[in-house]
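**Q** Sequence:
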Amino acid sequence: MHSAFHRKLSTLIELDQGEHAILDRLSYVSETYQRRRDIISVGERPSFLCVVLEGWAARYSLRTDGSRRITGILMPGDFCGIHAMSGAVMDHSVTAITTCEIGKIDISELDKALRSEPRLGQALWRSKLIEEAVLRTWLLNSKDAARSLAHLLCELHARVGQAGLAEGSGCEIPLTQEDIGDVLGLTAVHVNRMLRELREQGLVVLSHMQLMIPNVPALHAAARFDPQYLYLKTHPHSV
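Numbering (our numbering), first residue to last: 990 to 1228.
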C-alpha cells in the first residue's frame, strides 16, 4: 500500500513487521479526481475504503439553502468511506479540494487484513476518534471568528507537519478563502478581513496558498491552541 497510508497508520500505532507486510500486500485501484469532483456522495453505500494518496479532500454537507459546510479536511494518508465496514449509507459527501489521487481498497480485502492484524483496526478507529475531536474543537471555537481562524491555521500546520509535508514554520495550505469560510461558517470576505488582521499582528502570512507563521508560539498563544486533541506522535495514544 502507498507510503502515505503507512505513514498515517504509523502515527496512530507502532507498526510491527507483520502489520507492515499486510499493508504492503493490500492492493488498491488508483483514481484521479479533479478539484470539486465528489469522491463519495451523500446517500452512497461505499464498497471501498478510499485513501488520499496525493492532494487534499474535504468532508461536507449542504444546508437547506444549498450552502456548503465543510466538516473535515483530508490530507495524504487520511481515508474516508469507513461506512463500508458496516454497510452504512454515507450521511455526507467527500470532495476533492485539489486534484487528488485516491487509492480504493476493496472492503472485503481490508476486512481480511484487519482479521489478520487486529491492531490495524485499532488504528483506523483511533483515526475516526481524532476526526470527531477535531470537529468538536471547530464547534467550540465557532463564536470567535478571529480565534477560530488562528486555531484552524495552527491545526492545519500541525497536521501537515505530522504528514511530513511542512517546512519549519511554513507549509502549503491549498484552501481558498471560500474553503476556509466553509469550515468556519464565515463568508470569504470575512475570512479575508481576519487574515489581514492576523497578518497586521505579525502572526500569519497566507499568500497564494502558502502559509508562513513568523512566530509559532505567539500564534499558538493567540489561538489558545493545544494540539493534544490531535494526538500527534509526540502525544500519548490513549484516545
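Possibly wrong hints are sitting among the right ones.
Stated by the list, open to error - With a Cα cut of at most 25 Å, we get these calculated DMTMM-like pairs of lysine to aspartate or glutamate: (1) 1117 / 1106; (2) 1117 / 1189; (3) 1117 / 1003; (4) 1117 / 1013; (5) 1132 / 1189; (6) 1093 / 1020; (7) 1101 / 1189; (8) 1093 / 1121; (9) 1132 / 1121.
It is worth saying that the hints were derived from the structure and are not from the lab. As the structure is a computational prediction, the values presented were derived from the model and not from experiment.
**Q** For every hint, state whether the structure bears it out.
**A** A quick look at each hint next to the structure:
1. 1117 / 1106: Holds, at roughly 18 Å.
2. 1117 / 1189: Since the Cα atoms of residue 1117 and residue 1189 sit roughly 37 Å apart, the hinted pair is violated (cutoff 25 Å).
3. 1117 / 1003: 17 Å, holds
4. 1117 / 1013: 22 Å, holds
5. 1132 / 1189: 22 Å, holds
6. 1093 / 1020: Holds, at roughly 8 Å.
7. 1101 / 1189: Answer violated: residue 1101 to residue 1189 is near 54 Å, above 25 Å.
8. 1093 / 1121: 23 Å, holds
9. 1132 / 1121: Given that 25 Å is the threshold and the Cα spacing comes to 19 Å, the pair holds.
Checked against the numbered hints above, the structure violates hints 2, 7; every other hint is satisfied.
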